[in-house]
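Undergrad: Given next are the chains, with one letter for each unit.
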Amino acid sequence: MRPGLPGIGLLFAGSFLVALLFVSRGGNQRTVAGPATAVSQSTGPLAAPASDWPVRITPQAAPPPGAEYSDDEVPDVATARVDATMALDPQDRILAIQVLADDNSRESFDTLLTAVTAAPDPRERATAISSLRQRSLDDGDDVKIRNAMEAATYDADPLVVVMAQSMLEDFDPDR
Amino acid sequence: MNQYMKAGALSLLAGACTIALAHDHDDYRYHHRHNHADFGGQVEKLARIQSKELFGVYAPLGDSSAASITADQAHSDPKVLVTVARGLKVSVVSAKAELGANIDMMALWPNDVHPTHIIGCNEQGSGQVGVQRIRLSNGAVENIIASGLTSCDPVEITAWGTIVAGEEAGTSGRMFEILDPLNTTNVTVTGSGAATATSDPAHVRFLGALGQLSFEGISVLPNGVVYYQDENRPSASIPGGGYFKFIPTNVWTGGAAITNLDASPLASGTIYGLRLGRNSGGTDIGLGNHAGRGRWIAIGQSTNAAPLNLRSGPEVKAQWPLAAGYRPEDQDIDKGALEDGFVRVCGTNTGQDITDVDSDGGNFFGETFCITDGTPAEAAANTAIPEYQLLISHFPDFGMPDNIAYQPGKGNWLIHEDGEGATYSPRRNNDIWSCLDDGDDADMLSDACVKVITLNDLAAESTGGVFDADGDAYFFSVQHNVTGHGVILKVTGWK
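Going down the list, the sequences are from chains V and G.
With our numbering applied, the first sequence covers 1 to 175.
With our numbering applied, the second sequence covers 1 to 495.
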């Protein structure tokens with residue numbers, strides 16, 4: 001037996017006990033998407049890291065050869081407004097938020113504004129900021145965006161905070 | 001599944017992940033101990049989150065493809081040779097049996113606004129076809145230079161209505177100029193050096209004025225000033241490939257396309273080599289001074305009758321030290337800078353990435369750099385101070401950068417990886433990355449790069465990328481792919 005293997009055995013034994021505790025406490029409950037209000041509870045891959053735990057890039061498997069993203073899979077604006085808040089898959093919500101960047105309607109603007117602070121996954125909140133930055137703004141929009149960005153600077157996720165601060169600096173370079 | 005089974009499964013997963021993490025961190029060359037969050041990782045995530053805004057794709061690719069499709073699969077649908085980032089679309093420009101197997105660089109003809117054809121260089125031996133035209137509407141292929149070129153690699157269109165195409169063939173490499181490329185067919189090239197001849201000299205002519213080297217990256221300004229580089233590796237303390245500038249005797253000032261190659265600005269001029277270092281009266285030169293400002297040093301005039309060897313000939317050696325890179329590959333004009341009235345060309349030094357199982361592997365993963373040279377008029381008068389700066393320091397997943405293309409509109413750089421991923425374990429394909437240029441931040445480096453296209457043929461290489469004028473359509477070749485013939489693809493859908 002190699003010297004490192006007993007340690008690995010202990011590691012598995014320890015993790016088994018932790019996992020058992022987790023399972024016993026209901027950690028296997030299914031989750032469903034719903035109106036999100038508790039930003040601090042988000043646990044996606046971009047959730048704020050503990051200070052002693054490095055953020056890691058989430059590995060992604062490459063799509064199969066020739067895989068393309070069909071136009072049919074990109075929602076139209078009306079669908080995107082719904083998907084942005086109601087789709088079960090976070091990736092679908094993110095895609096919808098990206099689609100709304102290209103629609104200058106008031107409804108889409110309001111949806112994005114809400115997503116900045118209320119979306120459950122930090123990737124959604126960050127993407128909503130990016131989408132807002134791609135839009136042309138109407139009179140008065142900047143005040144609403146500033147308010148949303150000010151709120152987002154208190155986000156639990158550091159990346160959302162950085163993006164919000166960056167957008168605020170776009171409004172006020174001397175900030 | 002009861003609770004104990006679930007706990008067992010979770011513990012196995014946790015243990016496996018821990019081992020994976022430990023393995024990932026055991027190479028201290030690339031992963032270092034730190035007591036804080038991985039800030040670089042956060043920056044990479046920021047780029048991914050903003051992929052639509054920054055790169056025009058809904059989501060960039062993650063891991064490179066490990067797939068290697070069969071010839072039958074590729075023949076059935078050549079698009080399967082690649083996988084693209086979410087939001088992009090692939091279509092086949094041509095996969096005809098007569099399309100050169102190693103189509104490399106390409107130019108859109110008659111312009112990049114309403115192109116009807118691609119003019120492509122085929123990087124094979126002198127017995128194979130050298131330059132072809134490919135009709136965009138139906139993929140039909142015809143030979144312009146049928147034989148006589150060795151490793152045809154670069155192709156550019158000129159402002160005076162010609163095509164230039166060159167050989168990546170060491171000190172035997174030559175550049176040729178082609179007039180009327182849609183009606184010039186099956187020309188043959190014979191001889192070498194000063195004895196070079198073509199079967200149709202009125203339409204295909206040796207450009208001895210540019211000298212001889214391993215032609216790869218070449219950028220032709222609208223006024224006829226040419227930037228180019230020698231695809232050469234350092235050897236036994238002899239420098240790698242140099243960076244050169246050609247200033248025409250008669251710069252192009254605009255007007256109708258020429259009808260006689262004698263009228264080409266490339267017919268005669270002076271060649272300069274880049275030397276970096278201006279400090280201490282220009283004496284801080286040589287090894288160690290590999291970036292920053294420099295001078296264009298006159299090497300001389302080269303002619304068809306007496307072409308200069310720009311790698312090791314006496315005229316160039318007399319001017320050493322000159323700046324050199326580890327196999328300078330492609331380059332492209334920063335069209336955004338040119339629109340603003342400035343000259344900036346960006347290129348790649350491919351370096352040498354060899355799998356770690358080879359203890360002699362270099363692990364120099366390459367560089368992308370940019371050279372600025374004042375305004376076009378200053379470049380032609382050689383009155384600007386040239387400056388060479390690093391844009392990207394490459395890394396294992398993005399090793400050995402080769403072809404590079406400026407994306408109009410976005411101002412990004414599409415860069416083709418030509419690394420040795422297929423020799424690693426696990427094997428992986430080469431990719432095409434989209435890189436931001438430098439922004440208004442403090443450093444002068446690219447702000448982020450993401451993977452947008454990955455090959456699905458471990459023996460293939462993507463080459464020759466070129467964008468249309470709007471940056472909406474990207475054309476590239478899948479060289480030496482499994483079909484045995486050329487495949488040119490078009491990628492659209494950039495947001």
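Keep in mind the hints are simulated off the structure, nothing from the lab.
Since we're looking at a predicted model, the values are computed, not measured.
The beta carbon of each residue, even a glycine, is placed where N, CA and C say it ideally should be.
It cannot be assumed that every hint is accurate.
Computed footprint of chain V on chain G, listed as stretches where at least three residues anywhere in the stretch have a Cβ under 8 Å from a Cβ of chain V [what the hints assert, rightly or not]: (1) 47-57; (2) 90-100.
Here are the simulated DMTMM-like cross-link-like pairs (lysine to aspartate or glutamate), alpha carbons at most 25 Å apart as the crow flies [what the hints assert, rightly or not]: (3) Lys-335(G) to Asp-284(G); (4) Lys-410(G) to Asp-103(V); (5) Lys-410(G) to Asp-472(G); (6) Lys-89(G) to Asp-103(V); (7) Lys-495(G) to Asp-141(V).
Computed spacing ranges between beta-carbons, pair by pair [to be verified]: (8) Gly-336(G) to Asp-102(V): 41 to 49 Å; (9) Pro-173(V) to Pro-234(G): 40 to 48 Å; (10) Phe-39(G) to Phe-171(V): 55 to 63 Å; (11) Pro-173(V) to Trp-320(G): 45 to 53 Å.
Undergrad: Each hint needs a verdict: does it hold in this structure or not?
TA: Hints versus structure:
| no. | hint | verdict |
| --- | --- | --- |
| 1 | 47-57 | holds (count 4) |
| 2 | 90-100 | violated (count 1) |
| 3 | Lys-335(G) to Asp-284(G) | 32 Å, violated |
| 4 | Lys-410(G) to Asp-103(V) | 20 Å, holds |
| 5 | Lys-410(G) to Asp-472(G) | 10 Å, holds |
| 6 | Lys-89(G) to Asp-103(V) | 22 Å, holds |
| 7 | Lys-495(G) to Asp-141(V) | 24 Å, holds |
| 8 | Gly-336(G) to Asp-102(V): 41 to 49 Å | 23 Å, violated |
| 9 | Pro-173(V) to Pro-234(G): 40 to 48 Å | 45 Å, holds |
| 10 | Phe-39(G) to Phe-171(V): 55 to 63 Å | 25 Å, violated |
| 11 | Pro-173(V) to Trp-320(G): 45 to 53 Å | 47 Å, holds |
Violated hints for the displayed structure, listed by number in ascending order: 2, 3, 8 and 10.
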